[in-house]
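Asker: So you can see what is in the structure, the chains are spelled out below.
2 protein chains.
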Amino acid sequence: MKTEITSAFIKRYRSVVRDVMLPFQWRVLNDEADITIARERKNDAGIPTEKSHALENFRIAAGRTEGEFYGMVFQDSDVYKWLEAAAYCLMQGDDPALKKKTEYVVDLIADAQEDDGYLDTFFTIKEPKHKYKRLVESHELYCAGHFMEAAVAYYEATGNQKVIETAKKLADHIYDCFGPEEGKIHGYDGHEEVEIGLLRMYHLIGEEKYLKLAEYFLLERGRHPGFFLDQVKKDDMTPVFPGMEYAPATYFQDHVPFVEAEAAAGHAVRQMYLCTAMADLAATTGNEEVKAACERLWKDITNRQMYITGGVGATVNGESFTFDYDLPNDTMYCETCAAVAMVFFSRQMLRMEDSADYADVMERSFYNCALAGMALDGEHFFYVNPLEVDPEKSDKDPGKSHVKPVRPSWLGCACCPPNLARLIASIDEYVYMVKGRDVYVNLYMASSMSDGVIRVIQETDYPYSGSIKLRVVNDGADARVALRIPGWCEKYTISAPYELKNGYAFVKCPNGETRITLDLEMKPERNYANAKVSEDAGLTAVSYGPLVYCLEGVDNGKYLHDLLLPSEEEIKTHREDDLPGGVVTLTADGIREDSPDGALYSRKKKTRTLQELKWVPYFSWGNRGENEMRVWVRES
Amino acid sequence: MKTEITSAFIKRYRSVVRDVMLPFQWRVLNDEADITIARERKNDAGIPTEKSHALENFRIAAGRTEGEFYGMVFQDSDVYKWLEAAAYCLMQGDDPALKKKTEYVVDLIADAQEDDGYLDTFFTIKEPKHKYKRLVESHELYCAGHFMEAAVAYYEATGNQKVIETAKKLADHIYDCFGPEEGKIHGYDGHEEVEIGLLRMYHLIGEEKYLKLAEYFLLERGRHPGFFLDQVKKDDMTPVFPGMEYAPATYFQDHVPFVEAEAAAGHAVRQMYLCTAMADLAATTGNEEVKAACERLWKDITNRQMYITGGVGATVNGESFTFDYDLPNDTMYCETCAAVAMVFFSRQMLRMEDSADYADVMERSFYNCALAGMALDGEHFFYVNPLEVDPEKSDKDPGKSHVKPVRPSWLGCACCPPNLARLIASIDEYVYMVKGRDVYVNLYMASSMSDGVIRVIQETDYPYSGSIKLRVVNDGADARVALRIPGWCEKYTISAPYELKNGYAFVKCPNGETRITLDLEMKPERNYANAKVSEDAGLTAVSYGPLVYCLEGVDNGKYLHDLLLPSEEEIKTHREDDLPGGVVTLTADGIREDSPDGALYSRKKKTRTLQELKWVPYFSWGNRGENEMRVWVRES
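Chains as they are written, first to last, in numbering that gives the first Met the number 0: chain Z, 0 to 635; chain E, 0 to 635.
To be clear, the hints were calculated from the coordinates, so they are not data collected in a lab. Predicted, not measured: the structure shown is a model, and the values here were computed from it. Mixed in with the good hints there might be a few duds.
The list makes no distinction among identical chains, and a pair is therefore deemed to hold if it is satisfied within one copy or across any two copies.
Straight-line Cα separation of at most 30 Å, DSSO-like style, residue types lysine-lysine; simulated pairs [what the hints assert, rightly or not]:
no.	residue 1	residue 2
1	Lys557	Lys604
2	Lys604	Lys298
3	Lys613	Lys500
4	Lys557	Lys298
5	Lys50	Lys132
6	Lys490	Lys605
7	Lys604	Lys125
8	Lys211	Lys290
9	Lys613	Lys603
10	Lys232	Lys132
11	Lys233	Lys128
12	Lys605	Lys571
13	Lys557	Lys531
14	Lys208	Lys161
15	Lys603	Lys571
Looking at chain Z on its own, in the form it has when it is part of the complex (with noise of 0.2 Å):
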């Protein structure tokens, strides 16, 4: 299948990848580029932020320059998910400039692997002795596991046998070193992610082992209790992350194996890139034990520990999942990185079962919290993505120190960007699904798709319009078009026959040309969180269509607790051209309220003058300075 996307919202975001972010995060690969680096949080000194060095540690490790290892522990994924978002960018059109730099990283990685096919530069460089010893915090197979997703990437892109070959040889190593078998050590890494590598090896080289491999990793995981604390114990490293074998067992998603899992648990990124490999795993295998503990963890998330934003993590301590409806607005996490891995689970769900559930959490995931990651400029980033923001609070609460009100340039641990990047720069393979004669649309976007037999072309100025015109031009026989009818539309007409299972309308399309108009209602709505949600309580969020909106000091003025939009006020649209390409503001008559007097603590209430509430999109915000931003507003 070939979709090319055409829609000017998403060619805009991904040009700015590949003309903005990836060329500066090359820079900042190679410490060209003039950035403060940000520490996640104050007195966080064990981030390192004098420079990216990512580049450079590859270049010592192959042994073309001489120094130390510099960063986190993890910095080479940085590079690989920079190369991953590079192959993307080379698949929609040439670009020799970019092809260049891509080679060079392909041929330097080449070079910095060991002979037995060890990768690793940290290791490599600094601790050679210490291969594998350390798995609760040294980040080898994650890092592993980007770059064969990374390889994947760039092989499909550009047909290079070298990528490939290093890829292979790193999977055969970790093959080689890990297994049930005697003599194997019997482990996992303290952070998923290279069984979604070693997946994506098997789907495009169809080599079994590395199929077995990913299962051992999935299935054994949480059945070797004290396996991370044994290793360290016997391990003479100076720590990387000093303690961290003693964190909790659910920040690993070791405390049970994952088909006894009840609910989402632990390091939100961890647990959402586990969920990603088991969804493939049962998708590839069929295994049932699996896909049902999929489903449990899915319904888990969905309906009682995610935000509306389609982000996941409620706490910074862990950067963590916590509890059923415990969803605080400014002190939680909702990293980029886990709203991009929110997307990835959903993909992996859809391949099992075709619900427009998954499709519509992957909407909500990707157009707010995971685009949100982003400034528009594509040259800063979010980490964290909060609900409610007052950058004094930010500035002066230690608690609230991670909670940026504006994106930094980069960050020292910066998992988050070039992940949005790969999504970005990949999204056109989560607009369309083919299943049998079935072609799926889940997403709206102006694009075409073609498998060879059928295609479809789709124009629409979603996400700021409901009405998707489809042509679809079938080859063969008899098949059928499934649109997904999104779950925050509840109005819609379609201008053929259509039978509706499982959220989506299956409309006919004969051999021939079929043009089908989907008119999806589309108007500023009210949403509600559970009564359970204690910080929501009173609260209500406005959405138009997909996307998610919050309120901005820049527009409506300090102190957005004030405010309070009544309760059956009419919200109006207004098309603006503040951002390129065009938005969808929204307004309404709201209420301010102010003390009537100085005091601190008052027997009068408080005053109320009529005030316009303006929202802008919530993927938008923080884009005009530093100011309180607000999803959740007041109703009157």
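Fit chain E to the supplied structure of chain Z, relying on the hints for placement.
Answerer: Here is chain E on its own, set in the frame of chain Z:
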């Protein structure tokens, strides 16, 4: 002036202190109580929790037994605060068993004192080479201050000479070690307190050098930047609190001289002890610059940084003040000790200026935040006094693990219980104030006072009734009684002519007997926070007289955030016998919101059903098992 409390409400507390709390604390201090010592927060492994060991430390230092020091570096202060509370109890009446214990303690302390007057069991036993060399963390002068306070109280209660000689020897030793003179240490303790003790010694004995030393510590503070760090750098002792020397100078109120401070900052208890001592200094010496600074900080705290319960310290990070209008209800510290110190500070301010504002805050902090620090049984204590608790969040959110839903029996850092004990045991000293021929009634509380010439007999059921009957018997020349008109009271009647000034109604009392009836209209009231307080937007706190009220789960069910008090609904009062001595509870017809379905996010508005709401006094919360609690309630 001699005051006797007859109030049933207060007498019950005082008998709990005498009959339960002091014996219980005695057993704890002797490691004889069968208790679990709680950690302030999760993963705070630095806090010793096996036992108290406080008296054993003294026995070891005194050479009576052998062993190692155990406990916090300031463990001695637990003994001193116990002794001080015991002294106040002895003032109220004979108690041979208690007297015997106190005499044992006084002898033991004297034995533990070194020949040169030095007194601190941690350093005597464990680190004798490092005395006064790590004032950032040593708490040596802090402990000394508590001993001086105890010594003054015990001397006043019993006339015991030994205790005051021991205290003088200690104060003289400190005077010889600290001061502006060459060869002395030019610095001060990381934790203010010795200044209060020295001033009390000065008030008792009239020794000028104690005043001079207190003044030195107070006025020098903030003028020796780097003092704490320099000391630690020159010293090789194993740190007590590793890294404390790098805490921001605000933490110790060392960022600026007090007379230049614009706002309260840093560790709240330290700040309040500093304010208390400063106000005492200004009242004692007439220093106008210090007085102005006290007034400035008073206004800053009470107008912008104080909870409606009279608690202070908005963040657990550094147990600190934060910034204007930052008053989160569920993550704050609001330490019992800090509320107790608000009462101290208020009293010192009253000495300088007869403004009812000071007495209002004294009353607010005492009846709400401070009293809440102790369970009704006298054997369980809060350190942190939240305005909102959900036991599940305290249990599962590491950012809220310091917020306990029920009082533990003892805390590893046990400063609060004895601090509250000494306040309750000495509350008679706060009720009346004599200035010239004016007798101020600062607190309403059934009681009688006499200064030898004038007697006041106060009859009232306050805080549950606003009806107060005063009989004034004046054996001297014309006098006045100044009746405080509480800030919470909007309507009142006085049976005699009066002149109003600074919130006091002055009633003339010529020679002979004068009977005055004061009727303060006491009814349930709604309070609103300033519009700048984001955490209280849309919420109301209900009060009745001086008491702040709260909802508890045991009365109102789960999810207190879903309960609303209609805007105009009447709140009814009920006299109940649930608490010893009775209690006034409040009810109103309210509303419970619920979700129309189980969805996490829904377009449907929440359903509303009627539910009676029931409030109990804040001081009494958490006495009926673990449940939710909420002071600020949604208003519709």
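Asker: Could you tell me which of the hints above the structure violates, numbers in ascending order?
Answerer: 3 and 7
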